[in-house]
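Work the whole structure out from these sequences, hints included.
Residue numbers (our numbering), protein chains in the order written: chain Z, 67 to 245; chain D, -14 to 223; chain L, 1082 to 1327.
Incorrect hints may have been included.
[As the list claims (entries may be wrong)] Derived, one-sided and incomplete: chain Z residues facing chain L with beta-carbon distance under 10 angstroms:
| # | residue |
| --- | --- |
| 1 | G79 |
| 2 | D81 |
| 3 | V82 |
| 4 | R85 |
| 5 | E86 |
Treat the hints as calculated values from the structure; they're not laboratory data. The beta-carbon is built from N, C-alpha and C at its ideal position, and this holds for glycine as well.
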Amino acid sequence: MDDDELIARLAGGDDVALRELFGRHARWLAGRLRTALPASDVEDVLQETFLEVWRSAPNYRAQDSAAGWLWTIARRRAAMWLRKNGRTDEVALFAEPVAEDPSEGVIVREDLRAALDAIGPEGGPDREVFRLVYEQDRPVAEVAVLLGVPEGTVKSRSFRVRRALRAALGEHRTAEERI
Amino acid sequence: MEGMDETPFDVELDVDLDKVWVGVAAQVWRRRPGRVERLVGRLLRSPGLARALLTTPSLLVPWLLASIGVMAAGALATAATGEPLVALLAPAMAGAGIAYSYGPGMDPAWELACSMAINESMVLLTRALAVFAVNAVLALAASVVCPAAAGIALGWFVPMTAVSMLALAAATLTRSANIGVAAAVVAWTLTVLASSSATGRFAAAVDGGLTLLLPYLLVAVCCAAIVVHRPATPRGNS
Amino acid sequence: MNVEINGLVRRFGRTEAVRGVDLTVDSGVFGLLGPNGAGKTSLFRMMATVIPPTSGTLRLLGRDPGNHHDRREIRRRLGYLPQNLGYYPRFTVAEFVEYFALLKEMPPARVPAAVASAVEKVGLGDKARARLHTLSGGMLRRVGIAQAIVNNPELVLLDEPTAGLDPEQRVDFRKLMREIGETSTVVLSTHLVEDIGASCSRVAMMYNGTIAFNGTPDELVSLGEGRVGDAPLERGYSAVLAGVRA
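Right under this line is the structure:
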């Protein structure tokens, strides 16, 4: 059974599939995390990673790379772990890889600036949700406390932000391609 | 794929993956107690006792639904005939419920339960009280529906106590819930028939007032004593 | 000493199942051998505080099981697998082990990890959420072992633990017992001599309600020298039985 099939079974609540996935991927994930974190931290992050895998398996799309998906979750969990333990200076170790081509970097920045403008002014409610949830990777519960709003409000603003970003990034790319 | 080739496979990994998996499995396999169980656990100050209580065979939903059905039928029959059928049914229902709350006839892991810190007597007593309380509420609800029989229906509480304790004592002594039920039903049937025959009143077993109070209470106390001081000998020996 | 028994007697009616047993057990794995009807199960039941002795003294983990408070403390630190263990068919493996962890008054916060660890140790990790009525006899026995060890007990009593296990599972079981025996006292009762040789540091033989032999497996083997039999321990076992029957 390949990874996609395993994750599909996981999504259906099959804990044996999770066990199999753990058996296949835990070691290399641990090895990668271990390049930046001590062993005891790796154990905690890896545990959180696979619990998130269990919870978010229904969101996995079969055309994604399973290992890439797992590593994305592990990286996010490692960043959250470091933040939670006050080691924010090490968070960059688990940041998204930056584009190598400088022009690619410019295009990316331009896209992002345009998309952020679509969410609203800096300091506004939607920009704050974007900053805390997506830039800083904080959990919904924590963001709700920080903003002083219910968790449901954070979730609905996140949805609005994602929709606005998707629309804005799509429009901006199309406009540039026309030039 | 990205990253896999960067993993130092040939380096000894000092991460305890078995421990990590146990941590994951602990969360994936755990049973999350419902609101009722959490509340009962807080009331009894014991999550174990709460769990034992909510797995009592005669407190499970199918049994409760059946009890409600029987009581409802009794209430309708009482309303239709004027006879206190609810009062006559309630003790037998409670007795059956009590018998099916305990015993190696009902509890397949009874011997193991006898070695637990939350001992089987405590579980037994809590279950018996809960079953009794549930049946008391059901019978009271049925009685309230039939105002004509309300006065007589109050007479059910004392005989219900006696029949329940008899069921429990029989189940305890014989280590069989089925025998407990049979003993309770037979004893109650004989009581109803005998008192009816002696007085000419069908409901004499429950409308005798103070005359019957003492005998019922005596039966309840004696049976309770049997339950408390029962010999703890499991079946068979080797 | 985790188990101290002096002159222990247990009667059922007019039958004396245990007649004056003296035994002390410290940490490690201790085997209790004997034919059916020797009194092993009755002795186990007394050690598991399921039944009281008729006479004699019994101390478990330094406490008196006759005292209500001490008995509760013993039971919190005890793991017991009866010879005949019934199961709740609709429970899953994890639910069954969890149920008894709660009845042993384990702190609720520790229960999920303890259950997961116990289930993995007995090799039932891929059956954790399977209902008990779907499992084979050998698997059910392993569920029983899991509930016995879930609370990291100081005293583990296993009555015929390998019944229904295949040879590979028996090897795994013996390895598990040796691991547990490093920090706890394990007493296992069996009529299978090979279970003793592979995991026990000391062994006693019961016959007709009394202790007929108490020593090391090597000492039992030496008693069988010159006798005919399949294996050294079996020869020693037969020699002791022949001696008491004579």
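These are the hints, each one checked on the structure:
1. G79: holds, 9 angstroms
2. D81: Result: holds, 6 angstroms to nearest chain L Cβ.
3. V82: Result: holds, 5 angstroms to nearest chain L Cβ.
4. R85: Holds. Min distance 6 angstroms.
5. E86: Because about 9 angstroms separates Z:E86 from the closest Cβ in chain L, which is inside the 10 angstroms limit, the hint holds.
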